[in-house]
Amino acid sequence: MSDKILQISNPVLSISNLSIAYGKDKYAVKDVTADVKRNAITAIMGPSGCGKSTLLRAINRMHELYPNIHTQGEIKLNGESIYGISTTKLRRKIGMVFQRPNPFPTMSIYENVIAGYNLNGSKLKKSEKDEIVESSLTDVGLLDEVKDSLNKKGNFLSGGQQQRLCVARALAFKPDVILMDEPTSALDPLSTAKIEDLLVELKEHYTIILVTHNMSQAARISDNAMFMYLGELVEYDKTKVMFTNPKDSRTEGYLTGKFG
Amino acid sequence: MEREAIIGEKDHSNWRELKNRLFFGTVVVLAGITISPILLIVYKLLAKGLKQINFDFFLKVAPDTLQAMTAVRNGEIIPGGIANGITGTILMVVVASLIAIPVSIVIGIFLYENQGKKYANLIRSLTDILQGVPSVVLGLIAYIWIVQGVTKGFSALAGSVALAIMMLPLIIRSTEETMKMIPISIKEAGAALGVPYHKIILKVMIPSGFSGLMTGILLSISRVLGETAPLMLTTLGSTTINFNITKPTSAVPLQIWEFYNNPNMIDLVWSSSLFLMGFVLTLNIIAKRISMKYS
Numbered sequence: 001m002s003d004k005i006l007q008i009s010n011p012v013l014s015i016s017n018l019s020i021a022y023g024k025d026k027y028a029v030k031d032v033t034a035d036v037k038r039n040a041i042t043a044i045m046g047p048s049g050c051g052k053s054t055l056l057r058a059i060n061r062m063h064e065l066y067p068n069i070h071t072q073g074e075i076k077l078n079g080e081s082i083y084g085i086s087t088t089k090l091r092r093k094i095g096m097v098f099q100r101p102n103p104f105p106t107m108s109i110y111e112n113v114i115a116g117y118n119l120n121g122s123k124l125k126k127s128e129k130d131e132i133v134e135s136s137l138t139d140v141g142l143l144d145e146v147k148d149s150l151n152k153k154g155n156f157l158s159g160g161q162q163q164r165l166c167v168a169r170a171l172a173f174k175p176d177v178i179l180m181d182e183p184t185s186a187l188d189p190l191s192t193a194k195i196e197d198l199l200v201e202l203k204e205h206y207t208i209i210l211v212t213h214n215m216s217q218a219a220r221i222s223d224n225a226m227f228m229y230l231g232e233l234v235e236y237d238k239t240k241v242m243f244t245n246p247k248d249s250r251t252e253g254y255l256t257g258k259f260g
Numbered sequence: 001m002e003r004e005a006i007i008g009e010k011d012h013s014n015w016r017e018l019k020n021r022l023f024f025g026t027v028v029v030l031a032g033i034t035i036s037p038i039l040l041i042v043y044k045l046l047a048k049g050l051k052q053i054n055f056d057f058f059l060k061v062a063p064d065t066l067q068a069m070t071a072v073r074n075g076e077i078i079p080g081g082i083a084n085g086i087t088g089t090i091l092m093v094v095v096a097s098l099i100a101i102p103v104s105i106v107i108g109i110f111l112y113e114n115q116g117k118k119y120a121n122l123i124r125s126l127t128d129i130l131q132g133v134p135s136v137v138l139g140l141i142a143y144i145w146i147v148q149g150v151t152k153g154f155s156a157l158a159g160s161v162a163l164a165i166m167m168l169p170l171i172i173r174s175t176e177e178t179m180k181m182i183p184i185s186i187k188e189a190g191a192a193l194g195v196p197y198h199k200i201i202l203k204v205m206i207p208s209g210f211s212g213l214m215t216g217i218l219l220s221i222s223r224v225l226g227e228t229a230p231l232m233l234t235t236l237g238s239t240t241i242n243f244n245i246t247k248p249t250s251a252v253p254l255q256i257w258e259f260y261n262n263p264n265m266i267d268l269v270w271s272s273s274l275f276l277m278g279f280v281l282t283l284n285i286i287a288k289r290i291s292m293k294y295s
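Read top to bottom, the protein sequences are chains A and B.
Per our numbering, residue 1 is the first one in the first sequence, and the count goes up by one each step.
Per our numbering, residue 1 is the first one in the second sequence, and the count goes up by one each step.
Calculated directly from the structure, the hints in this document are not laboratory data.
Be careful, since some hints might not be right.
Here are the computed lysine-lysine pairs in the DSS-like style, where the Cα-Cα straight-line distance is at most 27 Å [what the hints assert, rightly or not]:
no., chain 1, residue 1, chain 2, residue 2
1, A, K30, A, K194
2, A, K153, B, K118
3, B, K203, A, K152
4, B, K203, A, K93
5, A, K24, B, K203
6, B, K293, A, K152
7, A, K174, A, K30
8, A, K93, A, K123
9, B, K203, A, K147
10, B, K203, A, K174
11, B, K288, A, K153
12, A, K258, A, K238
13, B, K199, A, K126
14, A, K89, B, K293
15, B, K118, A, K125
16, A, K153, B, K199
17, A, K126, A, K147
18, B, K288, A, K126
19, A, K152, B, K199
20, A, K174, B, K199
21, B, K180, A, K123
22, A, K89, B, K118
23, A, K152, B, K118
24, A, K93, A, K30
25, B, K199, A, K93
26, A, K93, A, K194
27, B, K203, A, K129
Derived contacts from chain A toward chain B, CB cut-off under 10 Å, selection only [what the hints assert, rightly or not]:
no., residue
28, N102
29, L119
30, G121
Where chain B lies over chain A, by a calculated footprint (3+ residues, C-beta under 8 Å) [to be verified]:
no., segment
31, 60-74
32, 91-97
33, 104-110
Nothing here was measured: the structure is a model prediction, and the numbers come from that model.
Ideal placement from N, C-alpha and C gives every residue a C-beta, glycine not left out.
Bound conformation, chain A alone:
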């Protein structure tokens, strides 16, 4: 295997020879092979349209919502193929946070956090629900800010608070992996800083994969970084190594601002 791809022992996720095409031959992701380190933040960088979002969405099979999608290759979560289990089960193990905060507008803050259980028809006792909501909101540092308004709708929250609510909603399932698709791109700098701090705290218990086209964000908080270009995984290394000593000229060009 190429020396541009980081080797990881006991990975939580291993992607092998993954190719994804829209329609017949428009490849968004080309033959990507990479392992993802447990309890770490892995950033996926690259210019717009390089396939980073598609790669991210392939990990919890969200990309299958798009029409005419063709997927080849394999992704394993803790050694088990993600195609061997139902998407419902898979998405409980791999949570997702989106670019724009998207709490359910018709639900209260409490219902939003527990939505994954309620919508899937899980029958939990009230005390179990309370516990999940409390621990999830504590984890994202939102509990003190919203504890008096748990039964109100979340639309009075700021963008940053809404995004943390969405993280809490993903945490409620205690997933193995959390996928984040540019989670701060719609937020102001202060809220962004809070989310970044949160991610660094969360990696103690969770594995985070973060798509970003903000290079400094990747440099600040990620442990490992992938650089994608035109659907290919060009380089994958420890973030510090990649930012100081990129092995591929395309990575260097992107990191030094020659394109992107």
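Assemble chain B onto chain A, guided by the hints.
Below, chain B alone, put in the same frame as chain A:
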């Protein structure tokens, strides 16, 4: 002088001012022409219909000709009311809604989920055509299907089916438009939690679009409330209050037509029209309120 030199032509500002005023005046006059019919209608209905409106008007059935004639002779207000019409209208609209709402919401969501697909476009075009079909034709169809085929006689059910067909395209389109307004990210949020497709639709999308769906439903109801032609062919009318959907039933617009044909009951035409207009207007206002409150 200096300014003329700079712009190189005469100062036209007076002419422009005049044009501006002329244009404004035209807009005001045309707006006045547009709203004058509704004002005249409301004025006429109130002036001619209000005196008949009392408790009996809502609680009693239509008078027979003799009662009406005696009252008119003596210069009294006509006794009785339109209770048989009001109950009939409500019965038929409720049954029509029960038929039309579930079907149209399902089709509306189907169209939304299949944007740009050929069969969806075909269904959308057919829906538009259905909206253009004259209501009397729908009445004929309901006559053949239900009056001849099912109830073997004029019936409220036949009227409801005709009204339901009229409601379909309105609710289908409003459902599709409402669904389009909901950010796709809400749907993705559901999918990312592993929620199955049908539950995303039922528990996430429909609640999120509730106000839009309600508005569409109320507007479609207010649209069919005043329909007369299809009801003449299907439910015929009745002089008594009837809640059996297999029997002929009265309706407010049908009663207006019956009163119109009876020289002694002309006053009831106006009061029934006033009631119908007020009912439709109220529904429209509620629909507007709902859409404003939740948007």
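Index of numbered hints that the structure contradicts, given in increasing order: 1, 2, 5, 7, 14, 15, 18, 21, 22 and 23
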